[in-house]
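Asker: Sequence:
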Amino acid sequence: MAKPVLLVVMDGVGFSKTGLGDAVTEANTPTLDWLLKNCPNTRLKAHGDAVGLPSDDDMGNSEVGHNALGCGQIYSQGAKLVNESIESGKMYSSEAWTEIIANCKANGSTLHFIGLLSDGNVHSNISHLFNMLEQAKKEGIKKARVHVLLDGRDVPATSAPIYVEQLENKLSELNDGDFDGKIASGGGRMKVTMDRYQADWGMVELGWKTHVKGEGRQFNSAMDAINTYRAEIDGVIDQDLPAFVIAENGEPVGKIQPKDSVILYNFRGDRAIEISMAFDNDEFDHFDRGAKPDVCFAGMLQYDGDLKLPKRFLVNPPDITNTLSEVLVAAGLNQYAVSETQKYGHVTYFWNGNRSGKFSEELETFKEIPSDNVSFDERPWMKSAEITDDVIEAIKSGKYDFIRCNFPNGDMVGHTGSLDATIVGVESVDLGLARLMKVCDEYGVTLLVTADHGNADEMLEKNKKGEIQVRTAHSLNPVPFIIYDKDVKYTIKEGNYGLANVAPTVVKMFGLTAPDCWKDSMI
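My numbering puts the last residue of the sequence shown at 512; the count rises by one with no breaks.
These aren't lab readings, by the way, just hints derived from the structure by calculation.
Check the hints yourself; a few may be wrong.
Below, computed lysine-lysine pairings styled on PhoX-like, alpha-carbon distance capped at 25 Å [claimed, not checked]: (1) LYS478 to LYS385; (2) LYS356 to LYS427; (3) LYS297 to LYS79; (4) LYS202 to LYS131; (5) LYS126 to LYS244.
Ranges between beta-carbon positions, derived for each pair [said to hold, decoys possible]: (6) ASP223 to LYS79: 45 to 53 Å; (7) GLU162 to LYS482: 47 to 55 Å; (8) GLU162 to LYS79: 21 to 29 Å; (9) LYS478 to GLU84: 52 to 60 Å; (10) TYR479 to GLU382: 20 to 28 Å; (11) GLN187 to SER82: 29 to 37 Å; (12) HIS275 to TRP23: 40 to 48 Å; (13) SER82 to HIS275: 33 to 41 Å; (14) ARG206 to ALA95: 33 to 41 Å; (15) HIS275 to ALA91: 29 to 37 Å; (16) TYR479 to HIS275: 41 to 49 Å; (17) PRO359 to GLU221: 30 to 38 Å; (18) PRO359 to ALA280: 26 to 34 Å.
All figures in this text were calculated on a predicted structure; none of them were measured in a lab.
No residue lacks a Cβ here, since even glycine has one placed at the ideal position from N, Cα and C.
Let's have the full structure, built from the sequences with the hints guiding it.
Answerer: Put into structure tokens, the structure is as follows:
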């Protein structure tokens, strides 16, 4: 009988190439250090083509990372998926795009765009927005409004003016007697609209009031809003900028009215689901929407296939099949998945190929530990102790063959830009690993330790002037893959591996046959 396997995902923990702001190395991590020194280990590629993104300039993220970890294959993802659809023309011949345009033309109404304004290629890409604006004008749209969510997380922390200027220039280029395009509202992505996993519906309610109702502090332009807030709030970075509304003569320029069309142009699902629910669901009780305008709403992708959310979407998502969970269910093996709210969807929904449900109610058990609703630099230990407690109980129960967990600290605290807090976060994960090793020894469990992408390993960067500045984005660095087993000696074969090689390795440990479409095992 194969031994149980525990897979620990240290979210956002990679190997630094620059040494700049390397919270992983600066942290006191005796357990991780010992594992890397004494156990079979290698470094996995977790960005670019290794996770289905367009190029190696594209940083990985938790969604595509867990897709790859959970399915043993590489699918076109995110920006690459949208790029292919735009280049082929499929997006503009889609039923959703056709309905969006027809609605505006039939009613003489406005086409609105809501999304993250950057080229980070994690949630969105500004080039997709530009392309849609151009196409909309070609197809006879007369009026467009853009509701911009400022990034500073997947791109440099205070780079918003660059993207706002690019958008203003594009709108100026398009505007003439037949087309009227303007920025209508916005705010920082961690303050407005882009909540995930229903952790803070207040963010979404604020976005609704800002984008839909045009309620909030008024400014002459987005640049005026950014400069004013930076002058008023010491050290504020783009992701934390408050909401703003653009107005002329005291009137919002872009409230969303009945019969308008709305496109949410983010392609990543986690932070797009809740605002989509507010637009798409008739039965909605998370906040008072007031008089909900009857609009034609579409997302860039369908963010949740099981919930059919949203109903309209411009680009078909990858059809991920032959996942690790399916293989283990077919073999009759019991699985357990746990994390706190911030990464619960990653060890369940994304791991299972973008499915909300289970392949087997009998053989799959999911556990969510509620995250604290505070800034993660204030409690950088997050729920690492509780996750560890839960995994230990799962091991001791003897019920489960394969257990997976995610410690979010390296990623979520890393995104705050606080090096000191991120060091504490990484150390908290290390304490959890030490506890898990002891229980794995006692109960005969093989422990695998990896990550989905880097972040905490590169908290600082040089700007174009050569100055050191805070980095809040994911890194392009490799991540660890470690095998710990006090009884069985494993050898990792020579090779260049990525996240998609983890599932085949797990399957081989169980003595099962991997699907032909999978990558190779590392053992």
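Asker: Run every hint past the structure and note whether it holds.
Answerer: Consistency of the hints with the structure:
1. For the hint pairing LYS478 with LYS385, the CA-to-CA distance comes to about 23 Å; that is within 25 Å, so the pair holds.
2. Of the supplied pair hints, the one linking LYS356 and LYS427 holds, its CA atoms being roughly 22 Å apart against a limit of 25 Å.
3. For the proposed pair LYS297 and LYS79, the alpha carbon gap of about 20 Å is at most 25 Å, so the pair holds.
4. Among the hinted pairs, LYS202 with LYS131 is consistent with the structure: their alpha-carbon atoms are about 21 Å apart, no more than 25 Å.
5. For the hint pairing LYS126 with LYS244, the CA-to-CA distance comes to about 20 Å; that is within 25 Å, so the pair holds.
6. Between ASP223 and LYS79 the C-beta distance comes to about 47 Å, which sits within the given range of 45 to 53 Å.
7. The supplied range of 47 to 55 Å is met by GLU162 and LYS482, whose beta-carbon atoms lie about 54 Å from each other.
8. Distance hint check for GLU162 and LYS79: the Cβ-Cβ separation is about 26 Å, which falls inside the suggested range of 21 to 29 Å.
9. Restraint check, LYS478 to GLU84: a C-beta distance of roughly 56 Å satisfies the suggested window 52 to 60 Å.
10. At about 26 Å, the CB distance of TYR479 to GLU382 agrees with the hint of 20 to 28 Å.
11. For the pair GLN187 and SER82, the beta carbons lie near 34 Å from each other, so the given range of 29 to 37 Å is met.
12. Between HIS275 and TRP23 the beta carbon distance is about 46 Å. The supplied range of 40 to 48 Å therefore holds.
13. Between SER82 and HIS275 the beta carbon distance is about 34 Å. The supplied range of 33 to 41 Å therefore holds.
14. Restraint check, ARG206 to ALA95: a C-beta distance of roughly 34 Å satisfies the suggested window 33 to 41 Å.
15. For the hinted restraint 29 to 37 Å between HIS275 and ALA91, the CB-CB distance of approximately 30 Å keeps it satisfied.
16. For the hinted restraint 41 to 49 Å between TYR479 and HIS275, the CB-CB distance of approximately 47 Å keeps it satisfied.
17. Between PRO359 and GLU221 the C-beta distance comes to about 33 Å, which sits within the given range of 30 to 38 Å.
18. Between PRO359 and ALA280, the C-beta spacing of about 33 Å keeps the proposed range 26 to 34 Å intact.
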